[in-house]
Each structure stands twice: as structure tokens, then as C-alpha cells.
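Since chain A is already given, all that's left is putting chain B on it; use the hints.
Line order of the protein sequences matches chains A and B. So the first sequence is residues 5 to 651, counted in the working numbering. So the second sequence is residues 5 to 651, counted in the working numbering.
Be a bit skeptical, because a hint or two may be false.
Since the list gives no way to pick out one identical chain from another, each pair is judged satisfied if it fits inside one copy or across any two copies.
[To be verified] Calculated lysine-lysine pairs in the BS3-like style (CA-CA distance at most 27 Å, straight line): (1) 264 to 204; (2) 202 to 178; (3) 556 to 30; (4) 30 to 245; (5) 178 to 204.
Just so you know, the hints here were simulated from the structure itself, not pulled from any lab data.
2 protein chains.
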Amino acid sequence: MSSSHSSRHYYLSDIPLDQAQDIFFKAIKESGILNQCNEELLPISETLGRITSQPIWAEESSPAFDSAAMDGVAVHSDTTVNATETNPLPLSIGCQAMWVDTGDPIPVGYNAVVMIENIIQVNDELIRITAPVAPWQHVRSLGEDIVATELILPQNHEITPVDQGACAAAGLNKLAVLTKPTVAVIVTGNELVPVGSKLKLGEIIDSNSILLSGLVTSWGGVCHIFDPLPDDYDRILTCAKLALNTYDAVIINAGSSAGKEDYTAMVIAELGEVLVHGVAIRPGHPVILGVANNKPIWGLPGYPVSASLTAELFVKPVIDSLTRRTQTSEPSYITAHITQKVSSPMGEDEFLRVTLGKVGDRIVATPLQRGAGIIMSLVKADGYVKIPRYSEGLDSGSEINVISNTNATRIDNTIVCIGSHDLALDLIGNYLKDVAPLIAFSSAHVGSLGGLRALQRLEAHLAGCHLLDPDTGEYNISYIEHYLPNTRAKLVNLVGRVQGLMVPRGNPNNIHSLQDLTRTDVRFANRQRGSGTRVLLDYKLHQMRIPTSSIKGYSREEYTHLSVAAAVSGGSVDTGLGILSAATALNLDFIPVASERYDLVIPTDHYESELLQPLLTLISDKTFHESVNALGGYDVSGMGHIIADFN
Amino acid sequence: MSSSHSSRHYYLSDIPLDQAQDIFFKAIKESGILNQCNEELLPISETLGRITSQPIWAEESSPAFDSAAMDGVAVHSDTTVNATETNPLPLSIGCQAMWVDTGDPIPVGYNAVVMIENIIQVNDELIRITAPVAPWQHVRSLGEDIVATELILPQNHEITPVDQGACAAAGLNKLAVLTKPTVAVIVTGNELVPVGSKLKLGEIIDSNSILLSGLVTSWGGVCHIFDPLPDDYDRILTCAKLALNTYDAVIINAGSSAGKEDYTAMVIAELGEVLVHGVAIRPGHPVILGVANNKPIWGLPGYPVSASLTAELFVKPVIDSLTRRTQTSEPSYITAHITQKVSSPMGEDEFLRVTLGKVGDRIVATPLQRGAGIIMSLVKADGYVKIPRYSEGLDSGSEINVISNTNATRIDNTIVCIGSHDLALDLIGNYLKDVAPLIAFSSAHVGSLGGLRALQRLEAHLAGCHLLDPDTGEYNISYIEHYLPNTRAKLVNLVGRVQGLMVPRGNPNNIHSLQDLTRTDVRFANRQRGSGTRVLLDYKLHQMRIPTSSIKGYSREEYTHLSVAAAVSGGSVDTGLGILSAATALNLDFIPVASERYDLVIPTDHYESELLQPLLTLISDKTFHESVNALGGYDVSGMGHIIADFN
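For reference, chain A alone in the conformation it holds in the complex (with noise of 0.2 Å):
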């Protein structure tokens, strides 16, 4: 953070996608780099997936001669004329039959096979016959396969294991490829630290050089990776134009954007042409497109998601043209209907990545978090929709296209949840992997009231809820019959759970109540709106008369009660609700609040599917019981009781 920012530019222009593609894709088809055909000799067996740079013509025939196709005797067809089963012929061995092994020569003179079913043997030099053959029976004719010449593999083609074998049957020994395209990968930020560092303030682990790197690799290009530099004009230069001259193209990450400290621009200015700079995305607006060397080079943001996609919009198709494998990189569409309304600027096309999964006839598309710094949302996706920039954003449950990464089974056989979160969800998700590996479950995290609105809308097959009932001190029962009125559900026990105060290791606030909140040097973080554990704190203020407003912090919503116990343990709050096993994984102190019931609700239909019953059985299961009650703080007695059954 330097005093100085005079010299600060703020100029990107974000111009749409289709022109940014359009101006960058035909500079580098002018820049003559994807005419190149970079080849290398290797053995047939380190061929698989390569790509053939020549056509492969066959050398040898195969078979090379004519050969046996069945064991039996070599014969002339005109001697076996007579042969019947009731009248079987006899030929001697050696001079009028000859025994072959399939795959044998045919001895010279004979043409044909006689199969040993047909044959008796008499003694070592007789045997007799039961049926004629025609000339060339059970022969398999010189090139009968493949003739020398002829063509067995065109250029640009991918080669699969039958090809490897069909080569070498066709006496080849090495196959001419291309060569893998390299990416140079130059990560920058005077925060980054190798992966795997024990991180000090400030520090921020560089995976993007493992992301940017993985990317290029599953596209079929080989990735160098620079170590990480500081935001420095030279060293940065130095290193790309190095970069330039080794590898095929050329990725600098971060540093993209219009900062003080954004020198990518500058560097790609000095060593040959910045085409875009700016695209009107959303995330991965502030990309740089360019071309150095006659050789593609690319400034990617930094932030991981923009980095992701970018790259798949900018990098890859480079990728698939310089490998040749135009073929493999179409997308594959999946329609579904959005599960909620999703507003987007005007004058930008957003990906939005989202999960899948079928519920009763329909495939539901889940929005996941939107910030460009959420990796896990790419983890957690099943695609992405665009939403195009003439558009203000989707409708819930207008029907959408997804750019899809899964496939119709997958989706099919995707478990959606979608309610509170509970860490036994977790367990949950991993354990289902195991014991049905078919099957996938989704869990999305919107709060206890939130997952019965998606139950409503037929949008999930479960819902994980804890809502108190401040008229009954009941749980959950009075909100199903309010939000599922019509709807035939099983409410089925997950865990006890305690809720408490979390407050950093000691307790150095001295909080002990709720009653602490409204101390002025205490800053809370509280829950969503519609999450149980924000029911609970209301419904406990109310009991104890301490107004909302008294509470610093009241305002600040997370969505999962890690959030919360993340927000104390960074110190950016000193206390926040949430349960025994979220404090206990941050190694928190826990202050006892309530006792709460979590359940699931689940609509009989699907707790009648075939789909859910791998987790039933789960939940009903003694070993799962005790790795959650291992997680300290539930109660696990009634896990996979049903609670009430409304018709």
C-alpha cells in the first residue's frame, strides 16, 4: 500500500463479448501461430489421445499372408469334393492335408480350411473328413484386414486405443503427432504465496497458477508455471518476454484490472499490441486480449471465478484450434427452469453457474453465490446459463439453457436439498458417495424458511428445517401446515442440536447471555432473515425484552453458522449464534443458548423414490450415527424417526 497514486489510470473499456471474440480470434488466425504443425515421433504406445499430424498410410498387410482363420487341416477344395457325413473322405497328412493352428500359413498348394469339427482323426498320418470346402473357406486372405498402402488414420485425428492397435498391426512403429500446445501461466501479487504455505495476514495462497494450470492441461495443452511475482513493472516484463520466447502462448493472471499496481496492460502494450482491454462479462470484466510475438498473450483478473471463465472464453478456443480437436469442444445444452428470480445488469452477458437436479418431471437450475471470489461455486456447478446483456435477469422459473457439465443421469439421480444448513448435511454428502455412488446430492444453503418456499415451488425433495413456533415452543410442524398446505410430507428427525454463543478461544469479552449483545463494546454477527437460527434469537430477545436495535451487528447476515464462527475467529465480530460442532471446528469457546430440533421435510413422493432411499437407509444407519455425533454437540437419538406424517 504505497502513499503514492498519482499515477492511477482508470481507462478499460468494456465492449461486448461477441466483438471482443471476433477482433481477438481473427488477430491471432492473422498472426499465422495456427498454421504452425509442430510434430514429434513417438512409439505407438505413448500415442493414446495425441493427435495425428500426418496421415498414417499402413506398411506391412495384415494379414501378410494367408492364414488360417480356424484350426484345422490345409487342404485343395477339389480333393474334399466327395466328403459327407454319412461317407467321410480320407486324406492323408502331409500330402493331401496339412494341420494348421489358426493363424497359420496356408501351406503351398492348398486353399482352403477344413474345420477341426469336420475332421476324424484316423491316426498320426489319416484322417477322414465330413464335409467339402469351397475354395478359400476359413482363409483369411493376405490384407484380408489391412493392405499395405492404404490409408488407417487421416491427420488431426484423435487417437484412440483400436487405432494404436491398428497401426501396429499395420507395421508401424511410430506415429507422427502434434506436438501438446505450452501455456506459460504468470501469476502476479505481492500477497501470493506458494500452495501449501502457512498463510500471515495479508498472505493469500496463489491457486490460481493450480487452476489456470489444470484448465490448460484437461484442454490438452502442457502448462508451465512461473513462481509467483510482485507487482513489478520489469520483473513482470522480464519474465513475459522470456515466456514469449519459450512457450506457444501466454497467460499473465491478476493484475488486469485499472489499479495502481495493474501493470499487465503495460506489459503486454510494450511487448506487442493490447487488442481488448475490457469486456462487458460479468464476472471477468477487466480481461486483457493481445498478441506478442505473433503469439497469443492473455491478462486474465484475478479473482478465480473471472479467471476460470475467461479463460474457457479467451483461452481455450486457442487451445482447440492449435490441437486441432475442433470436435470434442462443443458444449452441451441442458433446459431447466431457474428456482429463483435472478436481476442482472443491462449492457453485460453474466454466467451465472448453477446445480441441477430433477425433481418430479422437472430439472430445476439452483443459482449458486455470484462473487466472482467464490471458487467453491465452480466446485459446486453443474453449469452456467448466460444471461444475455440485452436482458435485466431471469424470472423464477422461467425456463433457461444451461451450458452444461454433467450429463441426463446425473441429473437424474441428484438428490437436491435445499433448506438450513447442519453440518450432518455434510457428512451426509460424503458418506451417500460412498455407499450409492450413483447418486449425487446437492445441497444448497437458504435457510430453514427458504427450503420450504423451495418445496412449495417443487424445486427440492428435501428440506432441512429447524423453525420454532413461539405460539407452541413446537418446531417446524406449524410452518409446514402453513407453507405446504396441500402437500402429502413426512417430517423426519436429523439431530438434537444446541445453539450457543461462539466467542474466540477464553473468552476474552466475557460474554455470557444473550443480555451481552447489547453491551456496547460487543459486535455480533447475526443470521439470515428466514434461517431457524435467526427464528431462535428473535423469539429468545422477545422472551427477554432486549430490543434489536440494541445490538451491534443485528444487521450483519451470514448464511451458515461456519460463516458466522468464521466472522469471531477472524475478529472482525466477537460473538454471533450458531451451533456446538461449527464453534468446535474453528476452535471457539461455545456458551449454551436453547436446545433445537433439526429435521428434514420431505414430500411422501420423493420419500417414496427410489432416489432417496440410499440416504433413508443412511440416516437410519449406527455407523453414520456416530460419525455426527462424533462432530460434538447433537443429539442423535432419534435420527431417521418420523416425526409427523401429513396427508
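Same frame as chain A, now just chain B:
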């Protein structure tokens, strides 16, 4: 070839496929091998595509501290309340505000960021801001993306590039992944020589070890290939024993039948148990399924198509289970119409290889050669259809479900050419791949008449044709009028070419004209009925009053020029009629007999379709003409010209 065959054992019982699968996979489950979980710890960068052996939990939160989400100044939100655009609020740097770049930690005492766009810099000590900020605005909270201890990836999950990035961001350095299952391949056969050997008579290249290794690798296993063994019981036994001790599974290739030197079943019985010997499938019926040392051991048949199919049916499911990769192994089905009647024996499940293409609005499947020895049928196949054992075959035009290794886009982009063969078609196939990488060229060789019939049945986009009308001496036109009376079509010249008698180098039999074919010492190889070459031969023989019965080998039918040349080259015949390029390719001498025209027949709808344009451009291209000319014996002067237009 030993002289004693008293030890031959012919006993091999074919049981139905589903029964064989039940018996074998049940035994594999009971062996316990599928429950083993061998894992290894790898740096994240080496885990792409590997399968997690443990759930992956976050070790660090990301971000690990509250950080600026924008470039700007960190402030406390309370101090910004009165800022407006018309009345910018002054803030002193270092006291009320601190410069931060994206990703910088929020300094203690601050809780929001004013973005750069809303800042007016007065001097190094003073700024003015034009808008207030809410608490936590433009701040990424600790754990916003990942909270330490949360589940990043479940176990048995295939690791993607974004997963790698997320694990790195979560503070991990190495990941526990399943080791790849190891499979030993032992090929047996006295006649086998290593890949790349110069062949002596009777020797066969061991291409199956390359094929099987490629298949195992593509399914996620690691293959160890032993050197080929001779048919020697003791040596095979010793090697298999060693392999069972070292690897997770063992394939013995060939010797699985019941011939005198077929030791595979005996070896497996000695080491463990033969569960199945013989399955009612075609190809591949003499397969052996066994268990030894609680490990799977297979005896796969020696023909490459049999080896490949039985590996897919019996080896792949076991590797899929060991790699927990059950989801990605779903076959994809494509509905198509079969282009010809296929008879199939009752009692056997037949797996018929086909190529696929879309002609008009129908997807058509053209059967490939059915022999178990034809590896090129696998190379060319777009998939296969299973003809069930209770069926006698498929009627021409009937709807079938093809288990496909291609996709709809690729099928849409396949040009289907059925008809006579010419080497120029091979060149078209290869060059198209270069000029129009998205377009595939499928060329099936059924003779000129077969091509016209395929056009009639709407099964091809174009047909290669060289049919002489004996009455007019003109090529193709009268045949098109007869066979395609109601079709708008264009007749386009491909080449003029010379047909002649192909003879071994030096012409040892002194063959000089068709008259020599009647000599008793001359063996001839003919082309199949309906081929243009056959029509030409019959026309010439008729002119010369030579009876076909006087020609030895008139009934031996080959399907391409190259296979006739191969028969001459191999010495099983003395001569055959064909084109110069085929003779040149196999180093034969050539006695010209007649010139002929070889055209493409293209229905006008296809001629005008977008799909065919790259092909039409190619055959009008001078460089391409030169490549064809270089084959020898061609007249390319009319190439691409329209000879007739049928309306």
C-alpha cells in the same frame, strides 16, 4: 504344427451373456477386491482426473482475513454517512482512511471500502469521497469462499481443474487419491513378434498388447505388458503366477479357445478357478472368466475385434468399479436406420459395428465388415448395435439403437459416401480433415451399383461410380437414369483412370492380355458383382468372346482394388484387374487394358447443401489435383466438372 493331436480338447460351452456377467461379477464382488482402497498422496498439481480416496476438508479459510473487494480506501462506515456527490466528504489518509488494493487486509478499526470511482484525491494526506458506504460494503469477509473444516470434495470424486484450485485455496498441499488399478497383459502365441518387426512368413505382429494396454489406460488403469510368450504351458503358468502376485488383475490374450495349443483355460484352472469358458456372443465367444488369488483373471480371444469387445464387456466394468468411476461409463445411445439386411445366428448376441451419418433427416447406420479379425472395422466404427440372441437379424431400414462413441454434432457433419472405391477417395478423406476439421468423411466400398442403390434408399450423400454401358460405351448415365429415375442429381467427374492387369514385378507368367486368363497355369482374382471393374471385365470378355468359365478364379471375389493387388502380391493368384495406383502401391507391374471414367453421383439436394461444399471446393482445387496425379495412372483434367445434370 505338431503332428500329434491326440490331446486336443474341444470342450467349450457357450452360456448367454447376461448369465456369464452375473456369474463373473458376483465372484469378483465376493473376492473382496472391490472393497480395497489403495491410496496415494499426490501434490495437488498432479491430481487432475484422479479420484479422491478420502473426503477433502478445508484446512484454511479463504479469504483467511477480511479483505478489500475493490481498489479504494478502507474506512469505518460510520464516518462516511454524510458524503454526497454534490458535497464530497473530506477524509484524512492514515487517520480516517487507508489506501487498499483488492485483496489487501482491512486494517483494524475499519469495516468498509470506498471504491476508487467515488474518491477525489486532494493531496497525499487528503481525499474527498462522493458516496457513503454501509458496514462491510466492498469487504470480502474471512471465509466468504471457504471456511476451514468445511467439505471441499467428497470421497470417490473425480478431480477437476476448479477442484484443484479450490483445494489449493483451502490450504491443502497434497491430496489422497485412489491408486490406479494395475492390469498385467500376457500375450501368447508362437507366431507373435514385437511391434515394428520386419515380418517373416508366418509371423504376426503383436498388436493386441498395444490395443489392450490402450483400452486399460483409457479406462483409468495402468497396464504392464509382458513380452509375448510362445504357446508353452509352463512358461505361461509361471508368468501368470508372477503377474497375479504383482498386479491387481491379469489378462491372458489368445489361447482361450479349445485348440491343441490353447493353454489359457488350463493355466487359469491351475492358478484359481475358471468360472466361465465360452459365452454366446459374436465375436468373442471363446472368452474365459476366472478368479485367482482373489483377483480377476481373463482369457481373451486372439482376434483383435474379439479381444476388444470381450475386454469392454468383462474387463471395463471391473476397472470402473476399482476406479469408482461408475458415472462416466454410461453408454450413449443413438437411434438410427440400418442400411442393409443383416442375418445373425439365433442363440448368440451379436455386436455389429456400424458407421453413422445423417442423410436428409434420417440417421443411417451402415454395417462394417463383421469378421473378428478386421481391426479396421473398429477404427472406422461410430458405434455398434447389439443383435439379441433371440433374433435372426435386422431387416433393411429397420430402426436400431446404436451404442455410440460419437455425438449428434459429429454425425450431422459426416459426409456419407457409398459406392465404388478409388484411392482418390482416401485422399479426399484425409485432406478434408485438414481444410474442414469439423467434417468427417465416411467411405464404404460396396461397388458402383451398390452405391446407386444406397442413393436410391436415401442412405448416402454421394456415390463413387464407374459403370460402363455396353450398348453405348458411355459411363454411368444410363445406370443413373435406370436406378434413380425420380432423383434430381448431378454427375461430377472425379478422375479418368486406366484399368489393367496387375502382375508380380517382372511379369513372371508372361501375361499380356485378357486372353491369357484362360491359360490353365494362370490363377485370377475377380471383383465382386456390381463393381464397375467387374462390369468392364465382363464387357471386354464378351467382346473377345472369352467364356467366364474358362477363367480359373473368376468366382473369387475381392471388394477393393487394393485387396486384388494384395492377392497378387501375396502370390495366391497370378493376376487381377485393377487400377494403376493400386498396382503401384503394392509394387506390382501393370498391363493396361482400358481407360475409364470414375464419377461421383450427387443428388442435387446434397450437392447444394452446406455439408458438401468443402468437398466440392476440394475436388476443384489445383493442389489437390496434383496430389491425386502423383498417385499415377490418373487423368485429373476433368476433376470437379459437372458431366450431366438430372432433373
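A quick look at each hint next to the structure:
1. Proximity of residue 264 to residue 204 under the C-alpha cut-off of 27 Å is restricted to the intra-copy arrangement: shortest distance 24 Å within a copy versus 73 Å between copies.
2. Taking the shortest alpha-carbon separations for residue 202 and residue 178, only the inter-copy value of 14 Å comes in at or below 27 Å, while the best intra-copy value is 47 Å.
3. Taking identical chains as interchangeable, the C-alpha atoms of residue 556 and residue 30 are never at most 27 Å apart, the minima being 56 Å within one chain and 63 Å between chains.
4. Proximity of residue 30 to residue 245 under the C-alpha cut-off of 27 Å is restricted to the intra-copy arrangement: shortest distance 23 Å within a copy versus 60 Å between copies.
5. Taking the shortest alpha-carbon separations for residue 178 and residue 204, only the inter-copy value of 20 Å comes in at or below 27 Å, while the best intra-copy value is 52 Å.
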